[in-house]
Each structure stands twice: as structure tokens, then as C-alpha cells.
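K.L.:
Take a look at the letters that make up each chain.
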Amino acid sequence: MTLEQSEYQKLVERIIELFERHRGDPNAFEAILSELRTLYKKIPIYPGIITMLLPKVVQSTEMDKLKEGEEVVLVLRDGRIVSGKVAEISPSEIKLVEGKRLDVSSLDEKVPVRREDVREAKVVSRVVLEKEWPSLDFEEE
Amino acid sequence: MPELKLKRGDVVMLEGQLSLEVREGEVLISGGLRGKGSRTVIPRAKSVPLEAEGDALVAYTLGRDGKVEQLSKRTIPREWDALISEVIQQRPKKILVMGSVDVGKSFFTTYLANTMLRHGLRPGAIDSDVGQSDVGPPATMGLGIFEQPVAQLYEVPLSSAYFVGSMSPSEHMLEFVVGVKWLVEHGLKKADSVIVNTPGWIFGGPGRSLQLYTLETIDPDIVVAIQREGELEHLLSSVPRARVRRLPVSTKVRSRSSAERASLRAMMLGKCFEDAGKLVLNLWKVRLKRCYLHTGRPIDVGTLGVQAQIIHAEQMPEGMLIVTKRRMDKGAIRELEARFGHVRTIIQGSERNMMVGLTNDVNEMLGIGIIERIDYERGRMVVLTPVKNADEVAAVQFGSMRIKPDGEEIGTIRQGTF
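Residue numbers (our numbering), protein chains in the order written: chain A, 1 to 141; chain B, 1 to 418.
In case anyone wonders, no lab produced these hints; they're calculated from the structure.
Among the hints, a few may not be true.
[To be verified] One-sided and incomplete, this derived list gives chain A residues near chain B with beta-carbon spacing under 10 Å:
hint: 1; residue: Leu3
hint: 2; residue: Glu4
hint: 3; residue: Glu7
hint: 4; residue: Tyr46
[To be verified] Here are the simulated DSS-like cross-link-like pairs (lysine-lysine), alpha carbons at most 25 Å apart as the crow flies:
hint: 5; chain 1: A; residue 1: Lys100; chain 2: A; residue 2: Lys131
hint: 6; chain 1: B; residue 1: Lys278; chain 2: A; residue 2: Lys41
hint: 7; chain 1: B; residue 1: Lys181; chain 2: B; residue 2: Lys289
hint: 8; chain 1: B; residue 1: Lys190; chain 2: B; residue 2: Lys285
hint: 9; chain 1: B; residue 1: Lys289; chain 2: A; residue 2: Lys42
hint: 10; chain 1: A; residue 1: Lys42; chain 2: B; residue 2: Lys404
hint: 11; chain 1: B; residue 1: Lys285; chain 2: A; residue 2: Lys122
hint: 12; chain 1: B; residue 1: Lys181; chain 2: A; residue 2: Lys42
hint: 13; chain 1: A; residue 1: Lys42; chain 2: B; residue 2: Lys325
hint: 14; chain 1: B; residue 1: Lys94; chain 2: B; residue 2: Lys5
hint: 15; chain 1: B; residue 1: Lys388; chain 2: B; residue 2: Lys278
hint: 16; chain 1: A; residue 1: Lys41; chain 2: B; residue 2: Lys404
hint: 17; chain 1: A; residue 1: Lys100; chain 2: A; residue 2: Lys122
hint: 18; chain 1: B; residue 1: Lys330; chain 2: A; residue 2: Lys41
hint: 19; chain 1: B; residue 1: Lys325; chain 2: A; residue 2: Lys41
hint: 20; chain 1: A; residue 1: Lys10; chain 2: A; residue 2: Lys41
A virtual CB, placed ideally from N, CA and C, is assigned to each residue, including glycine.
Construct the entire structure; sequences and hints are all you get.
P.N.:
Pasting the structure below:
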């Protein structure tokens, strides 16, 4: 083992950690990605500072601490995700503006999709290292 | 003008902004002997101790945030004086000063060098704290040779400098280690001993690497570890025990806020460009260093045949480098990639405000500069710099900061862009 001589390793680890923490929440992903892009554009030579700042982009909070005007993501008990800006807060509800709602739920075994409904098809390849660079695909210890 | 009557051993803390004149007797300021008539200016956000050598009278004027505080005892720990006596006796060639931020490394370096000077030695000091460089401009490491006592390290006349390229050694580790080595070798030709003041980046893999490889490359005779609670022990475990000298932090060490640091940095940078003028460099004669530009085989842009405003092109082992008037569309880039492999694109004008180092033919830094523009077609670079003679400039070292002539930092440049 030797020392890390660059802070990029930590940055990659932090990105993975954040994406795992917010798994299933595309709003959080989008905010993190957008800030990552901005930070990297502004301070590409300070990866350590980017690593330090990224977890501050999306942070869990208590409902009572929400303030009007804040951009929020609310994960509902049924799994749906609602995001937007807080417009009004009352003891029983929160009203959001510029809102979006996402329904992330597991689908049945066979999902029929009409060809004419498809705008773009993408193939997901999860073993790219093995396919593209097999000599570096070491067995995990 | 207020005056202070002092007796032998009296200690006074001087906090900038202030100016001071010795009217009678002799005093030590940062360990340097000051006689009757000598004047000292302490800038804002800096503080130094004054110790009376005998009966003395000093007069002072306070500026913004300035303060003169008479103390009941010395601020310099006894251990410091014991170590300095050892240095004066044994005259080690290379002394490395290590410590976290705000432990007083620069002050110790000044105090040690002033005391060595008082004992007839000719010390040199290297400030490798690139973000807060006291010797030489920010983003460089500087070597100063002590010819006379100074209150602050930045008063030492700059003898040689090495351009690191950024205010942070992170992502510039190679330049940092090479630069320290280069300056130590130069320093030893001019001074009896060289004291290396290192940055306060001591934790984490990159911080450890920086310190450990600096130690390996310099191979110091003495490592002075200034620490509060053993925070350097993880680094000292790699150093032969006989060479390590552990010192406590001096009392009254004042920590600086990031705003104070930024303002000091801007002040130092602004000072560099006070006397600057425009220099036009011929890029067919001057070497460009630490960049891809002008390292490949030139390509006649007329032969490329793509519908894009390419003004300069080179074939490199890694692919192709092109300079365009504006951002190229993806189709044109793909067309070039199919013929040349990877295409690195520079958009004309993106070089503006880049901080560069200008060196002579033997790699000595002549000064820093700010690129105003590059005429890629005619091979000319306009640089704002205090360097006066374009004929002296043999090479331009690219950095990764954008600054304005008043010292304001306005951005960074991704490595590999040029």
C-alpha cells in the first residue's frame, strides 16, 4: 500500500457514497450532479474542496425546520417523491411551487411498452471493465 | 508620536498596522538586532515580538488594527533558544521547518535566520508555503538570503524563485517537490545554511505525500517540528530520530482567518504587478512549458478540411491539438478524431488572465506574469509582467490560476487545458 497522492480518489468515493445515500431519488441526483458540474468548472484544481462541499448539496432535515423559499425534496411514506420550492407552511401541510412528482415503483415481471411511445432506447452495460479492459478485471478479494 | 521606555529584557508585542523607530539603545525584533535610527513597519494581520537588549527608547505610530502590548514575559519558548544555540554551534546545512497552519513556522524561520545572522552566519530561507508565500509572489516558492535583520520573512530580498503554478500545492505536487529541491541546491551555493519553511498541509494521503517526499528529496540535517499536541508524529515516524527537534508553539501565535489570508495574498500579488508592463513574446523563440501547446508537429490548418474556424493545429503523440475561434460542433470534432485520434481543443481567448512563470535559459524565474492574449497564428504572447526585457525570457511556465493585475483571484484552469 502507498499513500494517495491525489484527492480525486476521495472525490470518487464521496460521489459513490452520495449516490448510494440518495438511491431512488432522481431530484437529489440532479442537484448533486448540477453542483458537481459547477464546482468542477470553477475549481477543478481543488478536488479536496469539492469533496468537502458535495455532501452539503442535499441534506436531510426535520420537517419543522423547513423554511419558505427553500428548495426541498420530500420522500413520501408510499415511496413517491415530491420536489419543489416551499411556498407555504402550515401545521398540517406544506405547499410547494415549481413542483415535480416522481413515482419510483417496481414493475411487474413483464412490462409491455409500445414501440411508438419510445423516444430513445439505451442499453445498460454493467460489466464495462470486463468487456473493455479484461486484464484489469481482477478478482475481488 | 507615542514613545515606550524599555529596560533590558522587556518584551512588547507589535501588531500591525504600525510603524516603529528605535530612538535610543538596541532592541531585537523577531530576533534581529535593531539599533538607534532603525525603522520597522508591521503590516495589518501580522504581529512580531520586540525584546529590549538594554535600556531603549522606541517611538511608534499605530495604523488600522495596530496595537502595542507590553508583556510580562517572553513569548519565545526556551526550547526555541536551546535549538537555535545548537544550530549556531553545529551549523547544519539544511533545516526543514514543519508544522500545521498557524503554528508560527514563518516566524520561527525569521527568528532563527535573524539570530544566525547576529552570530555571523549567512542563512537562506525558502518559503514553500505557496498560498501564503512570504518570500516571492504567491504561487511560487522563493529563496531569500539574509543580509540584514528583518521583522517579517517577506522583507528578505528574493534571491531565486520557482513557479509552482497555483496557490495550493494540491495537484501541483511534482512542481512543488522539484521546486524545493531546486531552491535548496541554489540556496546552498549562496548561503551557509538553508531553512525550508513548509506548507501546513500535513494530513491525508496527499498532505502526507507532500511532506514525506519533500523530506526524502531534501534530506535535511535537522527537522524542526513545531506542534501543539503531537500532530506531526505520523510524519516524524519516517525521519531518523537523531534529526528531529520537537518544539512547542510560541505563545501569542495569532491565527489568520481565510479572509485575512486572501487579503494578504491579494496584497502580495498586487505588489508584484505594481510596476508591471506589457511584454510581447515570440512563441517561435520562447519555449512553452507545462502545457501541450507548441509541443507537437505543426499542421497546416488549410489541409484539415473541416468546416470550423481552426487557427492553429498540431499533431502530438496523444492525438491532436487545435486552437479554434469559438467552440466547435461535435460533428467537426468527430471528423477530426476519426483522422487524428484524441482531439484537444483550446478556444482562443481562454488563455486570458492565466498566471504564468517567466524563466531564463537556465531555468531561473525572472518573474510571474498574466497572459493578456495569445496570437496563435502569428505566434505572439502578450504578458503583463514586472519583467522588463523580453530577450531574457527563454520559457513560459503555464499555471492553473487566473488572476487580475490587482491581485484578485478570478478563477482556475483545469489541468491539461493548454
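K.L.:
A separate judgement is required for each hint: does it hold in the structure or not?
P.N.:
Checked hints:
no. : hint                  : result
1   : Leu3                  : 4 Å, holds
2   : Glu4                  : 3 Å, holds
3   : Glu7                  : 6 Å, holds
4   : Tyr46                 : 6 Å, holds
5   : A:Lys100 <-> A:Lys131 : 38 Å, violated
6   : B:Lys278 <-> A:Lys41  : 29 Å, violated
7   : B:Lys181 <-> B:Lys289 : 19 Å, holds
8   : B:Lys190 <-> B:Lys285 : 31 Å, violated
9   : B:Lys289 <-> A:Lys42  : 23 Å, holds
10  : A:Lys42 <-> B:Lys404  : 16 Å, holds
11  : B:Lys285 <-> A:Lys122 : 51 Å, violated
12  : B:Lys181 <-> A:Lys42  : 31 Å, violated
13  : A:Lys42 <-> B:Lys325  : 22 Å, holds
14  : B:Lys94 <-> B:Lys5    : 39 Å, violated
15  : B:Lys388 <-> B:Lys278 : 8 Å, holds
16  : A:Lys41 <-> B:Lys404  : 19 Å, holds
17  : A:Lys100 <-> A:Lys122 : 24 Å, holds
18  : B:Lys330 <-> A:Lys41  : 20 Å, holds
19  : B:Lys325 <-> A:Lys41  : 21 Å, holds
20  : A:Lys10 <-> A:Lys41   : 18 Å, holds
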